[in-house]
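**Student:** Taking our numbering, I'd label the letters of the sequence shown as residues 1 to 167.
A few of these clues could be false.
Ranges of calculated distance between the beta carbons of each label pair, as one might list FRET restraints [said to hold, decoys possible]:
hint: 1; residue 1: 100; residue 2: 24; range: 32 to 38 Å
hint: 2; residue 1: 65; residue 2: 24; range: 18 to 24 Å
hint: 3; residue 1: 164; residue 2: 86; range: 22 to 28 Å
hint: 4; residue 1: 160; residue 2: 94; range: 18 to 24 Å
hint: 5; residue 1: 38; residue 2: 3; range: 27 to 33 Å
hint: 6; residue 1: 76; residue 2: 3; range: 45 to 51 Å
hint: 7; residue 1: 4; residue 2: 38; range: 15 to 21 Å
hint: 8; residue 1: 50; residue 2: 84; range: 35 to 41 Å
hint: 9; residue 1: 133; residue 2: 164; range: 45 to 51 Å
hint: 10; residue 1: 4; residue 2: 146; range: 46 to 52 Å
Honestly, the hints are just simulated from the structure, not real lab data. Here the structure is a predicted model, which is why all the values come from computation and not from measurement. Yeah, the Cβ is synthetic: ideal placement off N, Cα and C, and Gly gets one too.
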Amino acid sequence: MNFGKLLGTLIVAFIGGWAGIRFRVPAGGMIGSLVAVAIYNYFSQMGYMPANLKIIGQIIIGGTIGMNFTKSSLAEMKQVFFPAVTSVLILLTVGVIAGYILHKVAGIDLITALLGTSPGGLTDMTILAAAFEADTIVVSSIHLIRLFSVILLMPIFVRFISTYVNK
Numbered sequence: 001m002n003f004g005k006l007l008g009t010l011i012v013a014f015i016g017g018w019a020g021i022r023f024r025v026p027a028g029g030m031i032g033s034l035v036a037v038a039i040y041n042y043f044s045q046m047g048y049m050p051a052n053l054k055i056i057g058q059i060i061i062g063g064t065i066g067m068n069f070t071k072s073s074l075a076e077m078k079q080v081f082f083p084a085v086t087s088v089l090i091l092l093t094v095g096v097i098a099g100y101i102l103h104k105v106a107g108i109d110l111i112t113a114l115l116g117t118s119p120g121g122l123t124d125m126t127i128l129a130a131a132f133e134a135d136t137i138v139v140s141s142i143h144l145i146r147l148f149s150v151i152l153l154m155p156i157f158v159r160f161i162s163t164y165v166n167k
C-alpha cells in the first residue's frame with residue numbers, strides 16, 4: 001500500500017468534497033471529490049485508493065442509505081406503493097431500452113450502458129458499476145450529465161407547466 005499516494009488522494013478528495021458542499025453542488029460531497037480527484041489523477045497520475053478502502057466506502061454509503069428507512073417512512077410507503085411500482089417499471093423499461101440503444105450505437109459495453117441509463121442515483125450506480133466491474137467513469141459521467149441536466153431543466157419545465165398547463 002502506498003500511504004503517500006493514498007494520503008494525497010484523500011486530501012484532494014476532502015478538499016473537492018468540501019468545495020462541492022460549499023458551493024451547493026447537488027451531491028456536492030461526492031461530485032466535488034470525484035472531480036477533484038479526477039483532475040488530480042489526470043495531471044499527476046498519483047491518485048491511489050486500495051480495494052479495501054473502496055469496500056469500506058461502500059459499507060458507509062449503504063449504511064447511510066439504510067438510515068432513511070424508519071417506521072414512519074415505511075408506513076407512508078403504503079400510500080405510494082402502486083404509483084411507485086408503476087413508475088419504477090416505466091423507468092426501468094426506458095432505462096433498459098436506452099441502455100441497449102447506447103450499447104449498440106456508441107459501442108459501450110452492455111453492463112456499463114445499462115447502469116449508465118438506469119434510473120438510480122449517481123452514487124449508487126457508480127458503486128454498482130464498480131461491483132460489476134463496469135466502466136465507472138462512463139457510468140458516473142452519464143449520471144453526472146443527467147443530474148445536472150435535470151437540475152437545470154426541471155425548474156423550467158415546472159414553471160412552464162404550472163403557468164400554462166395548470167390554468
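**Student:** Now tell me, hint by hint, if it's right for this structure.
**Tutor:** Structure-based check of each hint:
Between residue 100 and residue 24 the CB atoms are about 36 Å apart, so this pair conforms to the stated range of 32 to 38 Å. Taken as a hint, the range 18 to 24 Å holds for the pair residue 65 and residue 24, whose Cβ atoms sit roughly 21 Å apart. Judged by the Cβ atoms, the range 22 to 28 Å given for residue 164 and residue 86 holds: they are separated by roughly 26 Å. In this structure, residue 160 and residue 94 meet the distance hint of 18 to 24 Å, their C-beta atoms being roughly 22 Å apart.
The hinted window of 27 to 33 Å between residue 38 and residue 3 is violated, with their beta carbons roughly 21 Å apart. Range check, residue 76 to residue 3: about 46 Å between beta-carbon atoms, so the 45 to 51 Å window is met. Our hint of 15 to 21 Å for residue 4 and residue 38 holds, since their Cβ atoms are close to 19 Å apart. Against the hinted window of 35 to 41 Å, the Cβ-Cβ separation of residue 50 and residue 84 comes to about 38 Å, which satisfies the hint.
Residue 133 and residue 164 have their C-beta atoms about 47 Å apart, which keeps the hinted 45 to 51 Å range intact. The beta-carbon spacing between residue 4 and residue 146, approximately 36 Å, falls outside the hinted interval of 46 to 52 Å.
Consistency with the previously given hints fails for numbers 5 and 10, ordered from lowest to highest.
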